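Listed here are the chains, written in short residue letters.
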Amino acid sequence: MKSKARRLLINLFLASLIIGICFAILYPILTLLPMIFTDLRELGAPDSIWIPSKFGVNSIEFVFRSILQGKPVIILQSLLYAFSICAIQVFMSAMAGYALARTDFKGRNIVFFLVIFVFLIPRQSFLITQYLHFKHFDVLGLFQLFLGHDVDLINQPITLYLLAIFGFSVNQSLFIFIFRQAFMGMPQELEDAAMIDGAGFYRTYFKVMLPNAVPTILTVAVLAFVWAYGDTYYTNYFHTDGPYFGVIIDKTFKDANNWYINNQARQWFDTADTNELAFEALKQASILTFLTPLLIIYFFVQKRLVENLDRAGIVG
Amino acid sequence: MKKMKYRTSRRVNGFLFVLPWLIGFITFFAVPLKNTILYSFNKVDVGASGGIELAFNGIQNFVDLFVSEVSTDNQPLQRIFFTENVNIFTNLPLIVIFSLFLALLANADFKGRGIVRIIFFLPIVLGLPLIVEWTADSAGRNMIESASGGMFGARMGAQLLLEYTFLPKGVISFLSGVLGNIFQLFTRTGVQTMIFLAGLQSISPSHYEVAKIEGATAYETFWKVTLPLLSNVVVFAVIYTMIDLFLNSTLTEEIYNFAFVKSKIGVGSALSVVYMLNVLVVLGIVLLFLKAVNCIEKN
Numbered sequence: 011m012k013s014k015a016r017r018l019l020i021n022l023f024l025a026s027l028i029i030g031i032c033f034a035i036l037y038p039i040l041t042l043l044p045m046i047f048t049d050l051r052e053l054g055a056p057d058s059i060w061i062p063s064k065f066g067v068n069s070i071e072f073v074f075r076s077i078l079q080g081k082p083v084i085i086l087q088s089l090l091y092a093f094s095i096c097a098i099q100v101f102m103s104a105m106a107g108y109a110l111a112r113t114d115f116k117g118r119n120i121v122f123f124l125v126i127f128v129f130l131i132p133r134q135s136f137l138i139t140q141y142l143h144f145k146h147f148d149v150l151g152l153f154q155l156f157l158g159h160d161v162d163l164i165n166q167p168i169t170l171y172l173l174a175i176f177g178f179s180v181n182q183s184l185f186i187f188i189f190r191q192a193f194m195g196m197p198q199e200l201e202d203a204a205m206i207d208g209a210g211f212y213r214t215y216f217k218v219m220l221p222n223a224v225p226t227i228l229t230v231a232v233l234a235f236v237w238a239y240g241d242t243y244y245t246n247y248f249h250t251d252g253p254y255f256g257v258i259i260d261k262t263f264k265d266a267n268n269w270y271i272n273n274q275a276r277q278w279f280d281t282a283d284t285n286e287l288a289f290e291a292l293k294q295a296s297i298l299t300f301l302t303p304l305l306i307i308y309f310f311v312q313k314r315l316v317e318n319l320d321r322a323g324i325v326g
Numbered sequence: 022m023k024k025m026k027y028r029t030s031r032r033v034n035g036f037l038f039v040l041p042w043l044i045g046f047i048t049f050f051a052v053p054l055k056n057t058i059l060y061s062f063n064k065v066d067v068g069a070s071g072g073i074e075l076a077f078n079g080i081q082n083f084v085d086l087f088v089s090e091v092s093t094d095n096q097p098l099q100r101i102f103f104t105e106n107v108n109i110f111t112n113l114p115l116i117v118i119f120s121l122f123l124a125l126l127a128n129a130d131f132k133g134r135g136i137v138r139i140i141f142f143l144p145i146v147l148g149l150p151l152i153v154e155w156t157a158d159s160a161g162r163n164m165i166e167s168a169s170g171g172m173f174g175a176r177m178g179a180q181l182l183l184e185y186t187f188l189p190k191g192v193i194s195f196l197s198g199v200l201g202n203i204f205q206l207f208t209r210t211g212v213q214t215m216i217f218l219a220g221l222q223s224i225s226p227s228h229y230e231v232a233k234i235e236g237a238t239a240y241e242t243f244w245k246v247t248l249p250l251l252s253n254v255v256v257f258a259v260i261y262t263m264i265d266l267f268l269n270s271t272l273t274e275e276i277y278n279f280a281f282v283k284s285k286i287g288v289g290s291a292l293s294v295v296y297m298l299n300v301l302v303v304l305g306i307v308l309l310f311l312k313a314v315n316c317i318e319k320n
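Line by line, the protein sequences give chains A and B. If you're matching positions, the first sequence starts at 11 in the numbering used here and goes up one per residue. If you're matching positions, the second sequence starts at 22 in the numbering used here and goes up one per residue.
Hints may be right or wrong, so weigh each one.
[To be verified] Under the rule of at most 25 angstroms between Cα atoms (straight-line distance), these lysine-lysine pairs were calculated in the DSS-like manner:
(1) K233(B) - K12(A)
(2) K81(A) - K313(A)
(3) K245(B) - K190(B)
(4) K233(B) - K116(A)
(5) K145(A) - K285(B)
(6) K285(B) - K264(A)
(7) K55(B) - K233(B)
(8) K145(A) - K261(A)
(9) K132(B) - K313(A)
(10) K233(B) - K14(A)
(11) K233(B) - K319(B)
(12) K217(A) - K81(A)
(13) K283(B) - K264(A)
(14) K145(A) - K312(B)
(15) K233(B) - K245(B)
(16) K319(B) - K64(B)
(17) K26(B) - K145(A)
(18) K261(A) - K233(B)
(19) K64(B) - K245(B)
(20) K26(B) - K217(A)
(21) K55(B) - K145(A)
(22) K319(B) - K245(B)
(23) K132(B) - K12(A)
(24) K132(B) - K285(B)
(25) K283(B) - K55(B)
(26) K319(B) - K261(A)
(27) K14(A) - K55(B)
[Stated by the list, open to error] Okay, the calculated bits of chain A under chain B, using three or more residues with CB under 8 angstroms as the criterion:
(28) 70 to 84
(29) 88 to 102
(30) 129 to 137
(31) 218 to 228
(32) 270 to 278
(33) 298 to 306
Because the hints were derived from the structure by calculation, they are not lab data. Computed from a predicted model, the values in this text were never measured in an experiment. For glycine and all other residues, C-beta sits at the position ideal for the given N, C-alpha and C.
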């Protein structure tokens, strides 16, 4: 009897702990909702905190009309961008990770050390020189030789893809590391069997090893996608005028634009007395709009992500 | 003979597989690294034709950085470095412990575990710098917090502690700092929770069976079985957290500010170099600490 009561108490404690943590994780997002779904004209009504005094979605309408300039396709473009960067990252990192784990070319350990080193050095410390490097891009003086001038790669989409192809997009050395650990954990018999069957290097890799790494691929893909979609570092500095949702919101909601945005809101929605709050509400609405596609995708993949975790071999 | 050929071909192809990365390393990492260090010892000007003009001036950039230059909010740079480092050393253990704790909870068996896991991994998405920055200080949150009397805030907690415990003030201010920061801390846990959960699931159940047969309590099992088996994962999580914290520190803005707003590329590069060294020093300290802990464990 006593132990039963004790167990109940412990369970109760754990349950409240879990609910509390869930609340703490969701809290920053929850606090955005009341303002977003309050009608812009009713903002700042003193008697409403969590439940809007007058429900309205015109702040979200504003995001589509003003921030996206009536082109919701920008969201699709950002998603597509994130997807292609993610695909390139997975493909290239898996290759590098496999080579580091399963082949013993000369200097393998040095390369692995360099991968770790790259991960440890924050990318921001190269902001200046990378920027100048892309501004006057040249490979071994070849462009100088054939074109007579170097190439300006700033504000070109290709810069971002080049970074991903050559392994230096967002946290890509981390992905190489994860793939290396995963391939290290795979049994040697897989490769031996493939060799006995007469499969060459590429066949072994694409037909045997890569399919066996699907859990890892999924884990890396989710991280790569989220980070590419949310990246405002590379996109902002190297392709400022590109159709990236994050960059657009980041630039629009500078404090300097406060007046402009409020003015627009006043014209469209007749928000006479709620100036400061309208700016904030619109900012929050744009965050939510930015986040929604990501959350939808997350809900679809999370189940497989969690199920696969133990097989992803990140641990090694 | 055939075996020989097979092995050589594997070597060659393996090298081909990392070749793109090596090219990237040279063009996108080694050259910028070299230039950053070079610029930090030079007065850098952008010439009329758009080219870079360098004039060696020794450690003048570093002297300027810490003596005459100020940050965007008019503070001396060494103060920014100091606060950033204090932040990292306090938040690092908290985040790692939090994420281990979250993983332990997510690994337990209970009803509704699926939903709880969805929420526990949500920081992977909610931890994007963009979202953290915008939700941290939003008007909506300020309104709610002022209306609810800071019910979920740090003030309340600190007050309770002050009134009902006899803890020294320093401890209370630290605790209330943690409490006030708790939402920020949770946004940084996503990846680590995932890694820890993967680690927990890879521990074979037979370890726990043995512990149970030996009559170990849950507490003992955690310290003697779970944690030692997770030691690799802990190292990884610690390093990841550290890098993540550095990536999101305010120093980044300062580098941008020096280079593109004040047009002092030399000083900005000097700041980058100091920043890099800072990361490596902290990493060294952390690794030494982990090694020491490991030695103590073994004895």
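These are the hints, each one checked on the structure:
| no. | hint | result |
| --- | --- | --- |
| 1 | K233(B) - K12(A) | holds (22 angstroms) |
| 2 | K81(A) - K313(A) | violated (32 angstroms) |
| 3 | K245(B) - K190(B) | violated (35 angstroms) |
| 4 | K233(B) - K116(A) | violated (48 angstroms) |
| 5 | K145(A) - K285(B) | holds (17 angstroms) |
| 6 | K285(B) - K264(A) | holds (24 angstroms) |
| 7 | K55(B) - K233(B) | violated (57 angstroms) |
| 8 | K145(A) - K261(A) | holds (22 angstroms) |
| 9 | K132(B) - K313(A) | holds (16 angstroms) |
| 10 | K233(B) - K14(A) | holds (20 angstroms) |
| 11 | K233(B) - K319(B) | holds (22 angstroms) |
| 12 | K217(A) - K81(A) | violated (42 angstroms) |
| 13 | K283(B) - K264(A) | holds (19 angstroms) |
| 14 | K145(A) - K312(B) | violated (44 angstroms) |
| 15 | K233(B) - K245(B) | holds (12 angstroms) |
| 16 | K319(B) - K64(B) | violated (52 angstroms) |
| 17 | K26(B) - K145(A) | violated (45 angstroms) |
| 18 | K261(A) - K233(B) | violated (58 angstroms) |
| 19 | K64(B) - K245(B) | violated (57 angstroms) |
| 20 | K26(B) - K217(A) | holds (21 angstroms) |
| 21 | K55(B) - K145(A) | holds (17 angstroms) |
| 22 | K319(B) - K245(B) | holds (11 angstroms) |
| 23 | K132(B) - K12(A) | holds (24 angstroms) |
| 24 | K132(B) - K285(B) | violated (58 angstroms) |
| 25 | K283(B) - K55(B) | holds (22 angstroms) |
| 26 | K319(B) - K261(A) | violated (53 angstroms) |
| 27 | K14(A) - K55(B) | violated (67 angstroms) |
| 28 | 70 to 84 | violated (count 0) |
| 29 | 88 to 102 | violated (count 1) |
| 30 | 129 to 137 | holds (count 9) |
| 31 | 218 to 228 | violated (count 0) |
| 32 | 270 to 278 | violated (count 0) |
| 33 | 298 to 306 | holds (count 4) |
Consistency note: the structure conflicts with the earlier hints numbered 2, 3, 4, 7, 12, 14, 16, 17, 18, 19, 24, 26, 27, 28, 29, 31 and 32.
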